[in-house]
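Just so we're aligned: the sequence shown equals residues 1 to 241 in my numbering.
Keep in mind that a hint or two might mislead.
Taking lysine-lysine pairs in the DSS-like style, the calculated list, with each CA pair at most 27 Å apart, reads [what the hints assert, rightly or not]:
hint, residue 1, residue 2
1, Lys106, Lys150
2, Lys145, Lys95
3, Lys119, Lys189
4, Lys102, Lys13
5, Lys189, Lys227
If you're looking for bench data, these hints aren't it; they were derived computationally from the structure.
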Amino acid sequence: IAKAKITTQNGQKITTIEINQQQLEQKLNKEGQKAKIKIPVQGQKGTVIGQLNGQTIKTMEQKESILEIKTEQASYTLPAKQIKINKVSEELGEKIELKDIKVEVKIGETQKNMAKIAKTAAKQDEFTLVVKPVDFIVKCTHKNKTIEVKNFSNYVQRTISIPNGVDSNKITTGIIVYPDGSICHVPTKIILINGKYYAQINSLTNSTYSVIWNPKQYTDLEGHWAKEICNEMAARMVVEG
Numbered sequence: 001i002a003k004a005k006i007t008t009q010n011g012q013k014i015t016t017i018e019i020n021q022q023q024l025e026q027k028l029n030k031e032g033q034k035a036k037i038k039i040p041v042q043g044q045k046g047t048v049i050g051q052l053n054g055q056t057i058k059t060m061e062q063k064e065s066i067l068e069i070k071t072e073q074a075s076y077t078l079p080a081k082q083i084k085i086n087k088v089s090e091e092l093g094e095k096i097e098l099k100d101i102k103v104e105v106k107i108g109e110t111q112k113n114m115a116k117i118a119k120t121a122a123k124q125d126e127f128t129l130v131v132k133p134v135d136f137i138v139k140c141t142h143k144n145k146t147i148e149v150k151n152f153s154n155y156v157q158r159t160i161s162i163p164n165g166v167d168s169n170k171i172t173t174g175i176i177v178y179p180d181g182s183i184c185h186v187p188t189k190i191i192l193i194n195g196k197y198y199a200q201i202n203s204l205t206n207s208t209y210s211v212i213w214n215p216k217q218y219t220d221l222e223g224h225w226a227k228e229i230c231n232e233m234a235a236r237m238v239v240e241g
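With these hints in hand, go ahead and build the complete structure from the sequences.
Here it is as structure tokens:
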């Protein structure tokens with residue numbers, strides 16, 4: 001149903017998974033409504049890109065299908081309707097056939113400048129980065145024009161693997177890192193799959209994500225009935241002390 005192409009760009013390995021439209025549609029017709037199309041990429045480090053065309057996305061949208069790309073580093077579970085391919089087509093220009101729009105769903109370590117921004121934010125706000133920042137990106141391209149799909153109408157799930165040796169009890173929350181250095185917490189829980197820990201993150205946007213350890217202990221809460229939950233909410237950056 002797909003073929004992989006491995007290239008190198010700026011010293012980084014990129015694995016592009018090109019999905020065959022005709023074979024995918026045959027599979028969707030067989031599976032029926034709300035099928036999950038899984039693309040597991042094993043043994044490849046670096047960036048992974050799932051590549052489809054707009055017509056395939058439209059077919060998946062009509063069948064309420066979900067695209068799941070899973071690498072050794074992270075996974076991304078994206079309902080096709082969240083791409084809003086008709087709106088994207090309108091923004092790209094008039095009279096464009098959906099099959100001529102290239103859709104790329106990308107997971108990979110962020111660029112060096114964003115990694116540096118994340119490290120600076122961690123130092124300033126006194127938290128610890130548990131994992132290297134990861135980019136989750138959706139881009140739609142026609143000829144020389146590209147539109148990035150950044151916002152969703154419902155929460156979209158992604159996971160980031162926790163490195164071996166990291167104490168799962170010393171993980172506070174997932175965060176979004178913005179180019180200006182600001183950060184924002186996102187709903188996160190730690191899950192165990194086949195003996196390995198992952199941060200399961202639900203978010204309304206695409207961006208650069210990481211997972212942090214950010215313990216908080218406020219002295220004026222000692223002896224208070226809400227001590228533990230207040231400290232936890234502060235650690236998760238839901239409230240500030």
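Checked hints:
| no. | hint | result |
| --- | --- | --- |
| 1 | Lys106 - Lys150 | holds, 12 Å |
| 2 | Lys145 - Lys95 | holds, 14 Å |
| 3 | Lys119 - Lys189 | holds, 22 Å |
| 4 | Lys102 - Lys13 | holds, 21 Å |
| 5 | Lys189 - Lys227 | holds, 21 Å |
This entry satisfies every hint, going by the numbered hints stated previously.
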